[in-house]
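Colleague: As a plain string of letters, each chain reads:
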Amino acid sequence: MEDLYREIILDHYRQPRNRHAIESPSCSADGSNPLCGDQVTVAVVVDGDRITEIGFSGQGCSISQASASMMTEYVRGRTVAEARAGVDAFQQMMTTGTVAGLEGFDDIDALVGVAKFPARVKCASLAWKTLEQALNEGGAPVTTPVTTDERNSNG
Amino acid sequence: MTIADPRDTGVQRLPFDLARIRRDFPILKREIAPGVPLVYLDNAATSQKPVQVIAELTRFYRDHNANIHRGVHTLSVESTELYEAARAKVARFINAPKTEEIIFTRNTTESLNLVAHAWARKFLHEGDEVVISEIEHHSNIVPWQMLRDARGIVLRYIPMLPDGTLDLDAARKIIGPRTKLLSITAMSNALGTIVSLEVLVPLAKAQGAVVMVDGAQSVPHLPVDVQALDIDFLAFSAHKMLGPTGIGILWGKMALLDAMDPFLGGGDMILTVNMERSTWADVPAKFEAGTPNVADAIAFGAAIDYLDALGMDAVREHEREITDYALRRLADVPGVSIFGPMDADLRGGVISFELEGVHPHDIGQVLDTRGVAIRTGHHCAQPVMLALNVPATARASFYLYNTTDEVDKLAASLQEVTRFFGGGR
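So the sequences go chain by chain: E and Z. Under the numbering used here, the letters of the first sequence match residues 1 to 155, in that order. Under the numbering used here, the letters of the second sequence match residues 1 to 425, in that order.
Hints in this document: simulated from the structure, not taken from any laboratory. Think of the CB as a built atom: it goes at the ideal place given N, C-alpha and C, for glycine as much as any other residue. A couple of the hints might just be wrong.
In silico DSS-like pairs for lysine-lysine, Cα to Cα no more than 27 angstroms straight-line [to be verified]:
{"hint": "1", "chain 1": "Z", "residue 1": "29", "chain 2": "E", "residue 2": "116"}
{"hint": "2", "chain 1": "Z", "residue 1": "205", "chain 2": "Z", "residue 2": "173"}
{"hint": "3", "chain 1": "E", "residue 1": "116", "chain 2": "Z", "residue 2": "409"}
{"hint": "4", "chain 1": "Z", "residue 1": "122", "chain 2": "Z", "residue 2": "205"}
{"hint": "5", "chain 1": "Z", "residue 1": "122", "chain 2": "Z", "residue 2": "29"}
{"hint": "6", "chain 1": "Z", "residue 1": "205", "chain 2": "Z", "residue 2": "253"}
Stretch-level coverage of chain E by chain Z, calculated; a stretch enters the list once three of its residues show a Cβ under 8 angstroms from a Cβ in chain Z [unchecked claim]:
{"hint": "7", "region": "27-41"}
{"hint": "8", "region": "54-63"}
{"hint": "9", "region": "111-123"}
{"hint": "10", "region": "128-134"}
Computed beta-carbon distance windows for the label pairs [said to hold, decoys possible]:
{"hint": "11", "chain 1": "E", "residue 1": "97", "chain 2": "Z", "residue 2": "63", "range": "42 to 48 angstroms"}
{"hint": "12", "chain 1": "E", "residue 1": "103", "chain 2": "Z", "residue 2": "19", "range": "58 to 64 angstroms"}
{"hint": "13", "chain 1": "Z", "residue 1": "52", "chain 2": "E", "residue 2": "19", "range": "50 to 56 angstroms"}
Isolated chain Z (complex conformation) (with noise of 0.2 angstroms):
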């Protein structure tokens, strides 16, 4: 039975049924050693992919492979085709007025340095003032680092409290006259925290300035909506949310689009050239400079429309069911201590931990004997890792064909550790 979809798109809403989803994910079967089988706990650092995305990815090389924009030929015109058409899912998933807001970039840090670049340097000067916050990743955190040091703008922190969300107050007052931008997480890789957008936008637009959201967690798992967000540009990945590895998202306002210069410069993005001087293509050509990643954009169209299938509505519900079991489960495990919100309805699928007296690095060795793959590390956010007092943490994250079993090994494997290295420090 297939439900419609509420949004009217014209797809085909499926039911979320667990064992008919993992089935579309032939390395779920895999094996780490003989009889032991992959728990695979490392979504947020990158999704697994279905069938339909591969079979999508082999059958362009297949089928239709050919540079885009170019040639009269059929291939050719296929592969636009494609490439566009994979460009206009992107749109509709976001809510995005207009398809070609879409620009499509290597990932999530090239999207934001995008905007750095291209944006930022254009139109900030020295004293003005870009607000972050201490939960970012580095790859929100660095290229306004870069830029202070270019241009002389001054870099404010919404700081983190002891649960793990932002402290809203402080927002209030570092939030002012002089905030040219926020670019914000809407999910921290490290935590899981949901950043309370709804909060924090409107404190920036009441000042006249632009808001970036950085995607990267919560595009893949909650529903997003840029015009109900009332944002400016949003980044984000592919390889996170089904699709390939190399392809990323920039969506932007198209007034903001337009007024950027370019950020690469080369073929495909000019109008015209002569020795002297170059014109600019229009947006969103002037910011795919060069052969751009055709072939992972098509299967990340793919990875869309599998996503649209279930709803987001539904992965998300899925998640916090998973992500509400895993809290109550891990607690529950002697000598583990969960960092972050302990509220599913304030935290996606992520769960950072440590473990009394075990090194996260050992963790994750000892897991891996057991076929569960976590993530161990600062989670390229060593100011949460800084503001915790911890060198690292151990962490969990789910995604939609994760099952309370895998959670129930995970807690089972994570007594098994404290067993083998009992007595250590």
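So here's chain E without its partners, still in its complex pose (with noise of 0.2 angstroms):
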């Protein structure tokens, strides 16, 4: 079981970071898994090609809520592109079981125990997910429903 809740992440989910509204967000994404509750909206402000600012809110089980904590964390500061990056090199970890070693942010290895149990993989990849739908609306403030449960997605 510590495979899976590792201290880490147990901080992260009692004390989440970056857990506010944003004013006036360049776009944002909400995501959910309606087979486990687990629900998360991303918005970020992003100011030329950089993202300067990011929140989130939701509810969920400790996984989802500390996955999107520590996004937020490795996110804010970095390129679009770079975030983008750190998507595809978490999704990477979620399906090898190997540390993306994600640059600048250790904290994010610690849910590598997470691909060990398939059952939890969406609710990990959920605020990752709804960080990319978020930059995809390409800056227009829109609302698109996320998910990363099979049952509901053809992906």
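With the hints in hand, could you dock these two chains into one complex?
Modeller: Right under this line is the structure:
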């Protein structure tokens, strides 16, 4: 069990970073896993090609909420291209079970254990997929439903 | 010592000996990790199987396997006889007037859909009302929404009260002259609520409506007598009552089944076929197109023998005691809130709960490491979750082999969960 619930994950769950509303976001997206009830909203401010502010809200299991907290810590201050690369690296980690080695943010590696629990991968991936969706909206302040629930997506 | 069965079915009644019962279920000896025995509390999802059922399944494939209703050879005759004997056991188990009124399907969902297609599409018209309830499983909601969109029927819901029981006063207003069908669960899979069929069925009958009961949770756990209930259709599944997956039952009154068109067309359901048209076989063959799930139906017969030998009154009494114990034990665990009726007389062996500050998914994951298997999520009853204003719940559900020791393990493990996640939201 300690493979899954590393102390750093519980720390992000209990004291989430960047869990706040964003005044006038450049773009945002809602994500949910209907089967388990995880829900995350991600809003970002993009200035030029850089993400200057990011905030999230939501409710759900410790994995989904800790992953959201870590994601925002990683993304804030990075370029949109770097954020997208982070999304890909995270998905890679969930698929292969080897640490992403995301530069400058070791906390995320604690989520590597999730790959051993297939039922929980969708929880960990939710915030990252939601971020990707927000960025795909091309800066327009729209909200689009995202799901990482395999029974509700075509993936 | 054996006790005579009061229903005089020739079944020898066995005393309810929990230790002996548990020895019949090999999986209960399993360890989830070294030194961590399984505590199986997900019986509302599916039950475990006794050796008698597993043996019957392998015996059929080893000694009798052949297609039914076709060959003149010995194996085909034997298979047909075993399959039809299983049908007779099911009929007797729910006190159906006629064995032919038992239709083998895949599961409760297919049984409900069969009625939605073969009865409701033929006999219901625009503006006719189908009454269900807020505590239905999705399988008794979605077919009626589909019918509403296809036929323009009106779908009405009997609401749930905050204690998880149905609002019977509202039901008296909802069930009226336009009600053509009441399709209602006998026991909520999400909350365990035992529905007051003794009130609802007469209300529907007084309006001349047909009554279908979703018995997926009730038939495995309570004595069920379709004649005493005065209902028209009953749907349930073998796998929740010691039988194999892939077998469901639809029971219906012969007059209704006779008037219905077939559900699926193909082999075994016809009387004659020419290039222009076909004529239908009699009930039940009319509804059993194609080669049925012969082996699992026969093994289901062995499951019914097992339940008959214990007696459903004894099964219910054991589960009532376990549920009563669990309600009191869980209520004592700090942070636990239980949904649904708190009186074990009003609920089956299903307890949905939440633990303050811990998402159900996390509860389930930690309990698994202690060997305790529960279900977490919306339990295919999203309207119930909406009414309770929760995204999901944790659910422990019991069966005839569960013990108070296992309830204690659940309670102790929940305290560990709280310690582990302490400080979370």
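Colleague: It remains to establish, for every hint, whether it holds in the given structure.
Modeller: Do the hints match the structure? See the list:
A hinted pair counts as satisfied when its Cα atoms are at most 27 angstroms apart, and residue 29/Z with residue 116/E qualifies at roughly 25 angstroms. Under the criterion of a C-alpha separation no larger than 27 angstroms, the hint pairing residue 205/Z with residue 173/Z is consistent with the structure, at around 14 angstroms. With a CA separation close to 26 angstroms, the supplied pair residue 116/E and residue 409/Z stays within the 27 angstroms bound. Annotation: proposed proximity of residue 122/Z to residue 205/Z holds, straight-line Cα distance about 20 angstroms (limit 27 angstroms).
Our distance criterion of 27 angstroms between C-alpha atoms is broken by residue 122/Z and residue 29/Z, whose separation comes to about 50 angstroms. Using a Cα cut-off of 27 angstroms, the hinted pair residue 205/Z and residue 253/Z holds, with the two alpha carbons roughly 14 angstroms apart. With 6 residues carrying a beta carbon less than 8 angstroms from a beta carbon of chain Z, the region 27-41 of chain E meets the three-residue requirement, and the given coverage holds. For the region 54-63 of chain E, the proposed coverage by chain Z is satisfied: 5 residues have a C-beta within less than 8 angstroms of a C-beta in that chain, meeting the threshold of three.
For the region 111-123 of chain E, the proposed coverage by chain Z is satisfied: 3 residues have a C-beta within less than 8 angstroms of a C-beta in that chain, meeting the threshold of three. For the region 128-134 of chain E, the stated coverage by chain Z is not satisfied: 0 residues place a CB nearer than 8 angstroms to a CB of that chain, which falls below the threshold of 3. For residue 97/E and residue 63/Z, the hinted distance range of 42 to 48 angstroms is satisfied, since their beta carbons lie about 46 angstroms from each other. Under the hint 58 to 64 angstroms, the C-beta atoms of residue 103/E and residue 19/Z, about 60 angstroms apart, fit the expected range.
Against the hinted window of 50 to 56 angstroms, the Cβ-Cβ separation of residue 52/Z and residue 19/E comes to about 55 angstroms, which satisfies the hint.
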